[in-house]
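The task is simple: from the sequences and hints, build the whole structure.
Spelled out from the first residue to the last, the chains are:
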Amino acid sequence: MDGAVPLFSMEGISKRYGGVRALEKAELSVTPGSIHAILGENGAGKSTLIKVMAGVVAPDEGRMMLDGREVTFASPAAANQAGIVCIFQELSLIPELSVADNIAISDPPKRFGMIDRKAQRRIAEEALARAGAADIHPLALVKDLPLSRRQMVEIAKALARKPRILILDEATSALTAADVAKIFAVLKRLRSEGLALLYISHRMNEIAELADQCTVFRNGRNVASYAAGSKSDNEVVQLMIGREYSHIFPAKPARAPGTAVPVLEARKLSWTDRLDNVSLSVGAGEVVGLGGLDGQGQRELLLAFFGVLRGLSGQILIDGKPVAIASPAAARGDRIGMALIPEDRKTEGLMLPMTVRENLSFAALDRLSRAGIIDRTAEQRLIDDMVGLLAIKTAGLDIPVGALSGGNQQKVVIAKWLMRQPRIILLNDPTRGIDVGTKQELYQLMRKLADAGAAILFYSTDYDELIGCCDRVLVLYDGAVKRELVGAEITERALIASALNIRGDEASPRRGANA
Amino acid sequence: MKDWRYWLAEQRGTLLAFGIFIVMFAIYTSNHPAGFTANVVQTASNKGVLLAFVAMAQTLVVITAGIDLSVGMIFTLTNCLASWLVIGSGVETAFGVAAVLGTGLLCGAINGAIVIYGRLQPIVATIATGAVYFGIALLLRPFPGGSVNEGLADALTGRLFGVVPASLVALLAVVLVVWVPFSRSVLGRAAYAAGSSEMAAYMSGVPIRRGKFTAYALAGLLAAIGGLFLTFFTYTGDAAYASGNAYTLFSIAAVVLGGVSLFGGKGSAIGAIFGALAFRTIGDLLFVFDFDPLWQPLFQGVILLIAVSLGAFGLFRVRNRLEWFL
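Chains X and F, in that order, are what the protein sequence lines are. Heads up, the first sequence is in the working numbering, so the first residue is 1 and it goes up one at a time. Heads up, the second sequence is in the working numbering, so the first residue is 1 and it goes up one at a time.
Take the hints with a grain of salt, since some may be wrong.
[To be verified] Residues from chain F shown here face chain X by an in silico Cβ test under 7 Å; the list is partial:
#1 Phe182
#2 Ser185
#3 Ser196
#4 Ser197
#5 Ser204
#6 Val206
#7 Gly265
#8 Lys266
#9 Arg319
#10 Asn320
#11 Arg321
#12 Leu322
[To be verified] SDA-like mimics (lysine to any residue), calculated; alpha carbons at most 25 Å apart, straight line:
#13 X:Lys143 x F:Arg321
#14 X:Lys118 x F:Arg321
#15 X:Lys110 x F:Trp4
#16 X:Lys182 x X:Asp212
#17 F:Lys2 x X:Arg117
#18 X:Lys346 x F:Leu120
#19 X:Lys346 x F:Arg321
#20 X:Lys252 x X:Thr438
#21 X:Lys268 x F:Arg321
No lab work stands behind these hints: they were computed from the structure. Glycine is no exception: its CB is placed at the ideal position from the N, C-alpha and C atoms.
Structure (structure tokens):
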């Protein structure tokens with residue numbers, strides 16, 4: 001592969017979102033007839049990188065070269081035109097259209113100016129066959145297909161566009177083992193046909209089987225490129241970490257593991273294919289973390305506790321007694337006393353155009369009112385308490401909450417739930433997109449609430465936070481709890497290794513050299 | 001193989017509307033004193049096609065996940081315009097028809113431009129433009145009046161070969177000339193795709209803006225065809241506010257009855273046509289059963305509620321309650 005002329009290369013690509021650096025002078029080059037794997041932990045910049053490549057995001061600086069000429073892509077369509085086709089994690093299929101319509105959508109065959117349905121069907125059948133998914137009927141509606149089938153349609157759709165560079169972003173995460181085997185055969189055939197493939201996956205065994213070349217990203221930068229198989233799993237994990245600790249965490253109380261009285265308990269929770277026999281318990285005064293890669297069922301687990309999911313199997317126990325939680329209203333009720341700080345504060349946590357005051361008191365209105373009339377004095381008192389406790393910086397209580405900074409918005413979401421004095425607090429990646437100062441305040445607050453007796457279940461995509469804040473961490477993989485790390489076991493290495501479902505922390509450091 | 005089953009699933013809404021209409025119309029004609037005669041069918045057809053045209057117009061916009069609250073006002077405006085222009089010699093009449101249709105197309109294009117390029121909410125944008133269109137209609141016809149080329153009017157509202165209602169043939173022609181090419185074109189597909197999932201459509205490089213713009217513009221054209229037919233039936237132009245608004249609201253009802261999803265991306269104008277015809281038949285049914293016409297709005301409401309409830313069954317299968325709000 002060395003010495004081959006790069007088909008496509010990126011030089012000095014940078015991209016910022018507000019104050020957050022997503023990419024910082026990233027470089028990448030892609031050669032035809034090879035499979036190039038991109039590795040990196042959550043938020044390392046992989047997604048932004050391929051979005052730039054695929055014309056979804058315009059870089060702030062840097063340049064891209066295709067066939068030795070500089071190119072820019074104004075839209076995904078422009079990138080497609082140039083032969084770069086991306087299969088995104090979030091599917092790009094249109095649910096109400098048929099499989100054939102979707103496969104041919106960017107350039108449908110035409111006859112007399114109208115779409116030629118017969119030709120379109122032939123194209124679809126051919127593409128499905130190439131993707132090894134000939135069992136999917138081209139006339140079926142995409143919304144009626146299960147997720148794994150949709151993913152196969154997505155791959156067929158990409159192939160129908162005759163790409164020169166095919167990017168697969170976690171393309172196998174929704175697939176069954178049989179489908180993965182088929183896709184691998186397809187990918188290897190495409191490689192032999194001279195395509196350049198970019199493969200992003202967290203599954204180390206897949207990368208070992210497929211890749212010719214690997215590049216590791218960290219903090220928006222490519223930190224290492226090497227031929228596949230030349231480094232051990234351990235070395236790769238080490239490359240992916242290598243960050244300094246930048247947060248200050250409150251001290252954890254010394255406690256023998258398992259001594260806390262369980263307040264919230266789950267026994268063998270399963271839901272569709274997203275949750276698989278999850279059992280866990282959270283005690284009073286305990287902060288339990290949920291770790292693992294993004295999208296391994298952590299969000300669904302929190303929603304399950306909060307009464308959002310239907311058709312849940314297994315048991316939820318509060319104070320050791322089985323309960324059925326039918327809705328968020330039931331979950332927050334006095335008997336259970338649960339609060340969920342949602343991941344997307346803009347849609348699930350706040351009503352942005354409404355005032356800070358209204359947003360703060362929403363969840364607690366039933367406690368602040370008598371016979372349906374809101375007690376304005378009690379409301380004001382409680383709001384003052386909360387604004388003080390969380391140090392919310394706002395120009396006033398009667399301005400729209402949307403005018404606050406991200407960190408202060410998140411404080412409002414938390415304050416809103418604290419007004420109910422919950423006993424069980426579920427946090428879904430609460431520090432995403434907020435500044436370091438506010439993060440620190442939140443860590444302190446979390447510990448303070450735990451010390452006051454709350455049971456806290458905390459999902460975070462930031463490993464530092466899990467290490468710094470949690471008494472225990474459960475690592476999820478594919479909807480199941482893969483490992484429980486307690487106290488000093490919670491290290492970055494252990495978290496990443498178990499998130500990738502390898503036992504990197506226990507393997508001997510020399511194993512890779514022998515292999 | 002199982003192709004027909006997929007076809008059936010896709011056409012479910014349309015077939016349901018067709019079924020509802022056939023049943024209602026059969027009850028109507030079998031209880032009508034005159035029975036199933038060419039005359040009865042002609043009258044029913046002439047009443048039905050007006051709403052059918054406006055409902056087709058509404059369908060195009062609803063498919064893009066928008067809504068057009070100005071269709072009734074375009075209908076009224078073009079009626080008033082036709083009562084001035086569609087008159088005189090053959091050439092003059094032809095010019096008049098072209099001007100009326102062109103005006104409808106322009107009204108629709110203005111709606112589209114505001115919604116797509118001005119990024120305003122369709123509901124607000126079309127309330128505003130609807131008021132403007134009605135204002136112009138009022139300037140054209142402060143009082144009901146005007147006239148129309150009666151030869152053309154009678155030809156298009158009469159019967160072909162003594163049996164087939166000409167208005168029904170005109171409706172069929174419009175379906176073949178406007179709807180079929182649109183629904184099978186790339187722009188039509190873009191309209192569906194944008195209505196179903198605008199983000200996925202964008203990621204797939206679909207011409208979303210042109211598709212949506214075409215849908216809005218053609219909606220204006222179809223509403224104008226409706227306005228033209230109104231003139232043919234009444235021989236006059238009338239800037240009637242209540243009637244314009246009623247057509248707008250009924251068009252939404254017809255679209256829903258016709259199996260078109262208000263969330264966009266799903267349904268066909270054929271379904272909306274049968275929805276419109278069925279909706280119109282409600283009034284006729286009350287007539288043959290000697291109900292007081294005062295009952296009409298109540299019955300229309302009940303039938304609409306039933307039809308909409310049939311479409312909501314899917315919500316029972318949702319397993320993540322947050323999907324209710326998507």
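For each hint, the structure was consulted:
1. The beta carbon of F:Phe182 is not positioned within 7 Å of any beta carbon in chain X (closest approach about 9 Å), and the interface hint is therefore violated.
2. This hint holds: F:Ser185 has a C-beta 6 Å from the nearest C-beta of chain X, less than the 7 Å allowed.
3. For F:Ser196, the interface hint holds, since its Cβ comes within 7 Å of a Cβ in chain X; the closest pair sits about 4 Å apart.
4. Interface hint status for F:Ser197: upheld, as the beta-carbon distance to the closest one in chain X is roughly 5 Å, under 7 Å.
5. Below 7 Å, beta-carbon pairs count as interface contacts, and F:Ser204 has one with chain X at about 5 Å; its hint therefore holds.
6. Annotation: F:Val206 was flagged as interfacial toward chain X, and the flag holds, the nearest CB pair being 6 Å apart, inside 7 Å.
7. Residue-level restraint check for F:Gly265 holds (minimum Cβ-Cβ distance to chain X is 4 Å; threshold 7 Å).
8. Hint status for F:Lys266: holds, given a least beta-carbon distance of 5 Å to chain X, under 7 Å.
9. At its closest, the beta carbon of F:Arg319 sits 5 Å from a beta carbon of chain X; the interface hint therefore holds under the 7 Å criterion.
10. Annotation: F:Asn320 was flagged as interfacial toward chain X, and the flag holds, the nearest CB pair being 6 Å apart, inside 7 Å.
11. Taken as an interface hint, F:Arg321 checks out: its beta carbon lies about 5 Å from the nearest beta carbon of chain X, inside 7 Å.
12. Interface restraint check: F:Leu322 against chain X, minimum CB-CB distance 6 Å, threshold 7 Å, status holds.
13. Only pairs whose Cα atoms come within 25 Å are accepted, and X:Lys143 paired with F:Arg321 is accepted, the gap being roughly 17 Å.
14. With a C-alpha separation of about 39 Å, the suggested pairing of X:Lys118 with F:Arg321 is violated against the 25 Å cut-off.
15. For the hint linking X:Lys110 to F:Trp4, the alpha-carbon distance of about 23 Å falls within 25 Å, and the restraint holds.
16. Our distance criterion of 25 Å between C-alpha atoms is met by X:Lys182 and X:Asp212, whose separation comes to about 19 Å.
17. A distance of roughly 17 Å separates the Cα atoms of F:Lys2 and X:Arg117; the hinted pair therefore holds under the 25 Å criterion.
18. About 21 Å separates the Cα atoms of X:Lys346 and F:Leu120, which keeps this hinted pair within 25 Å; it holds.
19. For the suggested pair X:Lys346 and F:Arg321, the alpha carbons sit about 18 Å apart, so the restraint of at most 25 Å is met.
20. The hinted pair formed by X:Lys252 and X:Thr438 meets the criterion: a straight-line CA distance of about 19 Å does not exceed 25 Å.
21. The hinted pair formed by X:Lys268 and F:Arg321 meets the criterion: a straight-line CA distance of about 21 Å does not exceed 25 Å.
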